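Chemist: Sequence:
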Amino acid sequence: DMASIEKVKNYNPDWIENEFKSNRVENSIRYDINDIFTLRTNTFYEKMKHKARNINITYKNGYSIGDDSWSGTWSSNDAWQETKNYGTNIYLDSKFNTGSVGHTITTGYSLSESTNYKHKDEGKYYLYKNNMTLGELKKLDIPRTGYISFTGYDTIGEEALTKSREWQFENILIGDDIVFNEQWSALVGLNYATIVFNNNQNNTKYKESKLTPTLSLIYKPFENLTTYATYIESLEEGTIVGSYYQNDGEILSPYKSKQYEIGAKYSMLDERALLTASLFRIERANQYTDNTTTPKPTLTQDGEAIHQGIEIGLIGKVTDNLTLMGGVTFMDLGIEKHTNKDIEGKKPIEAATKMAKLYSEYNIPYINGLSINAGAYYTGKKYSDEANTDILPSYTLYDAGLRYSTKLGNYPTSFNLNVQNLTDKVYWTNGNMLGDPRSVAFSMKMEF
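In the numbering used here, the protein residues as written are -12 to 435.
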């Protein structure tokens, strides 16, 4: 069915919309106390509002399926909701020596909070009763009685806003950047991370704390070559399940991810270019959609998703006017520790085993400040289901652009024209969504 989707920019009815409003205030301070100590701090506050009309299409045999259930085509009309975000951090850096060994020790604390507010009558969901072609779907009117049934509230957004969900992320850390000599150095750190979540809509919550280390050993056998080995752990929040799923409002468990990496960086062409290579392994919770449940699918976690492979990159100035940046990634993907042994060894959903990119920028001679750029980006095939039966084909995207840098008065100014998806490639980003069509953007940046 994916291959039968014609090259049309938008199958959505005209009344589909997503509207965002955001205001943000941020302040950063750096204070060099003396030659040893530096204090850094940052604080921000953000208020966002969002409302939406969306449609979820189940497409089969040339039709949008309407069977008056959540497994068919349905749409939603959501009232304005509000989110308030707050964050602050403070870090103290200290530089000193113990004998011949140099240290840069950072200690610090960070806190970020997010609170979501919704109306009790937050929205309506409409279940379609009849099948439609994509052309008929495009011309569909705003849902009315007759060809739909609905769940939700009689009103939308008339009740008062109430606190819906609260998140809190807290980190207490210490790290030491140690320099033993010109060849050997290390980075050692510990972070005590805490995640707190409250869902006031269904009275569920969790609080999870973990001590996570960061270890890195760096060796420079000679001036142009740096090698390293790194181990990192981090506490990642559990997903809050959305209304698309049977287990709407459930909080999936937070988990500790692990990353192992060894690599090298080689400076060449009189330090005009940098060649990098690394071997890596990432272990994280395996999250997927269980389509066997009714009337909706269930979002769940089971087992570990393993991403391991090799990455090679090159960036540098080939000539005075030409800069190139490229890279390739090859991964061996797999699922381990799954309760269903038939799933073990399958590939995690929506992860490609092969990726590549090439980007170039050329400064036009004799036209001071004018440059052109182009890029090509390849993503290999992926799977959209846990059983690895639904294939998302590979695709290559091309971008191009122009930049002109000058001064307006005493202010450095740049003008940018960028075209993304130059060939207007039709591709699937995941099992439910087509990628963006060709887009053209113009921007101006002035530095004061």
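No lab work stands behind these hints, which were simulated from the structure alone. It should be emphasised that the depicted structure is a prediction, and the values quoted were computed from it without experimental measurement. Treat each hint with caution, since some may be false.
For lysine-lysine, the following PhoX-like pairs were computed, each having C-alpha atoms within a straight-line distance of at most 25 Å [as the list claims (entries may be wrong)]:
no., residue 1, residue 2
1, K107, K252
2, K368, K412
3, K368, K111
4, K252, K341
Chemist: Against the earlier hints, flag every one the structure doesn't satisfy and list their numbers going up.
Modeler: 1 and 3
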